[in-house]
Amino acid sequence: DGGITQSPKYLFRKEGQNVTLSCEQNLNHDAMYWYRQDPGQGLRLIYYSQIVNDFQKGDIAEGYSVSREKKESFPLTVTSAQKNPTAFYLCASTAAGHWGYTFGSGTRLTVV
Amino acid sequence: SQELEQSPQSLIVQEGKNLTINCTSSKTLYGLYWYKQKYGEGLIFLMMLQKGGEEKSHEKITAKLDEKKQQSSLHITASQPSHAGIYLCGAVGGSNYKLTFGKGTLLTVNP
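Top line first, the protein sequences correspond to chains A and B. So the first sequence is numbered by my numbering: it starts at 7 and just counts up by one. So the second sequence is numbered by my numbering: it starts at 1274 and just counts up by one.
Bear in mind the hints are in silico, worked out from the structure with no lab data behind them. Treat the hints with care, since some could be wrong.
Stated by the list, open to error - One side only, chain B facing chain A, incomplete, derived with CB under 8 Å:
1) 1313
2) 1315
3) 1316
4) 1340
5) 1357
6) 1361
7) 1371
8) 1372
9) 1374
10) 1376
11) 1377
What the hints assert, rightly or not - Okay, the calculated beta carbon distance ranges per label pair:
12) A:28 <-> B:1354: 41 to 49 Å
13) B:1301 <-> A:20: 19 to 27 Å
14) B:1351 <-> A:63: 41 to 49 Å
No residue lacks a Cβ here, since even glycine has one placed at the ideal position from N, Cα and C.
Let the sequences and hints guide you as you build the complete structure.
Okay, structure coming up:
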């Protein structure tokens, strides 16, 4: 079955460490997105990519980095520059010119 | 940038009661999505509305988009505990297909 796979489901990071969240899709979707969710804040867009080797900053990109070397993959790195990284992270994808978004099941990142 | 305001922020109802959640946009909506989320899980797509005055229903949930395409409502009839969760509205405001979300409405249904 086609879908989006996020891993790991839970991730713990020590202060000062970079961590990478994985997002893989087998839907042949062109565009991929990363969102952050905090209690009472809804979802906020971190980065998005509409084609391979190209990506744009969303509303809260500071402290994050991404890459899009393959159509299927859009990993998100939470760097040590992100001062408050504890949150729930969701990845999504959609086909170009299409209105349907598919979401992964999320990764909960906790700083310890 | 587009902003979506949801109301109420939280809602507690008795099983069997009807309820409505609202989503208001600061700009004209190109597409309005409703999602449901259980805590700590991904988003479940409910409905998408594009045309002014459009109304869609699925089981006991009905969503409407007003004629001006700036406000949407989600109505649940005869609520059940299975309806409990966070309801999020999302909107696409332009050709880049960026999806912007409201802050969500937390629904609790007491048996």
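Evaluation of the provided hints:
1. Given hint, residue 1313 of chain B at the interface with chain A, holds; its Cβ is 7 Å from that chain's nearest Cβ, closer than 8 Å.
2. Hint status for residue 1315 of chain B: holds, given a least beta-carbon distance of 4 Å to chain A, under 8 Å.
3. For residue 1316 of chain B, the interface hint holds, the least distance from its beta-carbon to any beta-carbon of chain A being 4 Å, beneath 8 Å.
4. Against a cut-off of 8 Å between C-beta atoms, the interface hint on residue 1340 of chain B is violated, since the closest Cβ of chain A lies about 20 Å away.
5. Taking 8 Å as the C-beta contact cut-off toward chain A, the hint placing residue 1357 of chain B at the interface is violated, the least distance being around 16 Å.
6. Because the beta carbon of residue 1361 of chain B sits about 6 Å from the nearest beta carbon in chain A, less than 8 Å, this interface hint is met.
7. The criterion of a C-beta within 8 Å of any C-beta in chain A is met by residue 1371 of chain B, whose closest approach is roughly 6 Å, and the hint holds.
8. The beta carbon of residue 1372 of chain B is positioned within 8 Å of a beta carbon in chain A (closest approach about 6 Å), and the interface hint is therefore held.
9. Restraint check, residue 1374 of chain B versus chain A: the minimum CB separation of about 4 Å is within 8 Å; hint holds.
10. Against a cut-off of 8 Å between C-beta atoms, the interface hint on residue 1376 of chain B holds, since the closest Cβ of chain A lies about 4 Å away.
11. A cut of 8 Å between beta carbons decides the hint on residue 1377 of chain B: the least distance to chain A is about 5 Å, and the hint holds.
12. Range check, residue 28 of chain A to residue 1354 of chain B: about 34 Å between beta-carbon atoms, so the 41 to 49 Å window is missed.
13. Taking the beta carbon of each, residue 1301 of chain B and residue 20 of chain A are about 46 Å apart, not inside 19 to 27 Å as hinted.
14. Restraint check, residue 1351 of chain B to residue 63 of chain A: a C-beta distance of roughly 44 Å satisfies the suggested window 41 to 49 Å.
Of the numbered hints stated above, those contradicted by the structure are hints 4, 5, 12, 13, listed in ascending order.
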